[in-house]
Amino acid sequence: MSEITLKGVSKRFADGTIAVDNVDLDIADGEFVILVGPSGCGKSTLLRMIVGLEDISSGDLTIGGERVNEAGPKDRNLAMVFQNYALYPHLSVRENIAFPLRLAKMDKDKADQLVADAAKTLELTEFLDRKPAALSGGQRQRVAMGRAIVREPNAFLFDEPLSNLDAKLRVQMRTEISRLQKRFGTTTVYVTHDQTEAMTLGDRVAVLRKGIMQQVASPRELYNNPINLFVAGFIGSPSMNFLPAILKGGKLTLPFGEIPLPEEFVSRLGHDEKPVIVGIRPEDFEDAELVEDRDKVRGSSFPARIDVIEWMGSELFAYLPVPKGDGQGQAGLQELARELEQEDLHSDSDESQIVARLDPASRVREGEEAQLWVDTSRLHLFDPETGDSLNYQAQDEPNPTPAPGQSSN
Amino acid sequence: MATITAGSTARPAARRAPIPKDRKKIQPMWVVGSIIIVLYAIIPILWILSLSFKSQTTITDGAIIPKHFSWVNYSTIFKTGVFVRPLINSIGIAIISTVIAVLLATLAAYAIARLNFPGKKLVLSAALGIAMFPPISIVGPLFNMWRSLGLYDTWPGLIIPYMTFSLPMAIWILSAFFRQIPWELEQAAAVDGATAFQAFRKVIVPLAAPGVFTSAILVFFFAWNDFVFAITLTSTDRSRPVTAALNFFTGSSQFSQPTGAIAAAAIVVTIPIIIMVLIFQRRIVAGLTSGAVKG
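Listed in order, the protein sequences are those of chains Y and V.
This note's numbering puts the first residue of the first sequence at 1, with every later residue one more than the last.
This note's numbering puts the first residue of the second sequence at 1, with every later residue one more than the last.
Bear in mind the hints are in silico, worked out from the structure with no lab data behind them.
C-beta: ideal position from N, C-alpha, C; glycine also.
There's no promise every hint is true.
[As the list claims (entries may be wrong)] What the simulated footprint calls covered on chain Y by chain V, stretch by stretch (three residues with Cβ under 8 Å from a Cβ of chain V suffice, anywhere in the stretch; the number is not a length): (1) 67 to 74; (2) 77 to 89; (3) 97 to 104.
Only chain Y is shown next, with the shape it has when bound in the complex (with noise of 0.2 Å):
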């Protein structure tokens, strides 16, 4: 058990190329932290950097008060669970549990009844004398765990552990995960491209973007309350709505129409016209007709054409077509899009789409006109040259978190 710290952590490859740049982050005794981005954002090669897979290029890695840059990953104490679970195939799956154990030289009745335990834990026990090749893929991904947790490691690093199972297992075992950590209080570092397990896993979830550290925050702050427009698109599902706007004297011309600011937006902001890009949480949209009057007034409402509806029982998702406009940042969107690998399939016409997320009591139509109401107390806005948000709330955080600044870009 004990605190990772890393301050000014880079990677540079040998051909130039910088997967992780000058990174800060102090990940405190016990907690569950999520590293979390787009594939190739030097998440894995992070992981892979504390738990000494890699070396480090510069900056500082610092266990339990320790500097262990040049330390080989033996002598730091971590345990790692693989992608693809990294199972000893020729050794039986009692023998892949005792293996750090055997290698530590610890007493063999010790080393048995500390197989036994995570065995049970795990509920392995009756596969113990079975090869990893007879497991199913939860089976093997347990044993991975049991490998894992039988040693009393510094810290748990997870690389992308669900990856490889089916969508059922995968929530079962993410709870499983959850549980364990919570049992073992022991620090964890887990790598994900899923901004689901981020937001259900992790006490702080820490998103990277091109090796860069966006935003280290708890999974709310992040949601409500994102840094700039990679954090907001990346985190939620169905994502944010980005839309190109100009504001202009406490209003906001959208695609769709103009609707007013509120005082607080308008206060910060001031009165000067400006090109915005403006994110709307799915959420945020609501059937005009299903809207309370005295919720109303915290938004204003617009006709929409419906594109296409799907009803899911607890909830109704709405599609609207919307012109693109061609004002500044759509260009920025668009490469967002594909970084986010969101980019919509019509990407060349002259509409982009929005998701609203309606009550399942709504009667909007396919193909009809609908009155949609916005809560606008909940617009998110981006300055579309650098992509940070404009109404950006910096928090002080319990936790010894490092001020979430991105460098430039």
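Put chain V on the given structure of chain Y with help from the hints.
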């Protein structure tokens, strides 16, 4: 309900239909082909076996099944000493060559599979080049060199060329096996607290065991079957292997052919090979790595 059952039974039937058709066509061809090849390979061996059990008087009768079995050829070769000492030489030389070659090849192949060092391609192509080299072309110079170095007619004098020719082959086989082993396994071992050598010994070598055994068998075969070096670089029973010694067999009398004795010796010589294959054939079966990582 009715539609569901109809749909679910119809589909597998449709999918299964073409496969037996293909199999029926192929099977007789396979059987006939296999029989021909097996006969072709086994008849000379049966013939030698039959000769080895014939006595001097019936050796030329041309019958494949001896009229009366006699062990006289076997007792002759083990009694005279012209066979026993070469047999010991052969076993010793082949085993020592195999052990050293496999040991060195394992280390070299691991380096080639896992490390990126300058000249790696050169090492591999040079190794392949050596393996392709015809032994007969270097045997003359070797004869002279070995005489001046004092290696002529000694065990090391044969072990060294055997290793030279078998190492490249072993390195190629083993590096292919090492490359198949997922790198994550060594990384997992390192994280679990293993040193590089422990990871190699406890994880990699056991997993590459099929490759180790395959190359061991091939090296052993090469050393055991060699004739060119054996006949050229030896002169006495001190180091002459059995393949060369067969040449120096004499009949029971000056005027009789040693056919029976040679046949018996040839059979005895194949026995170690058969034993090796029987012992290791299960190990050679690859696929030991299945289940290590999700494919």
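Query raised in the report: Are three or more residues of the stretch 97 to 104 of chain Y within 8 Å, CB to CB, of chain V?
Result: Holds: 4 residues of the stretch 97 to 104 of chain Y have a Cβ under 8 Å from chain V.
Requested in this report: Go check the stretch 77 to 89 of chain Y versus chain V for me, would you? Three or more residues, Cβ under 8 Å, otherwise it fails.
Outcome: holds (count 11)
Requested in this report: Report holds or violated for chain V covering the stretch 67 to 74 of chain Y, Cβ cut-off 8 Å, minimum 3 residues.
Outcome: holds (count 3)
When the structure is compared with the earlier hints, no violation turns up for any of them.
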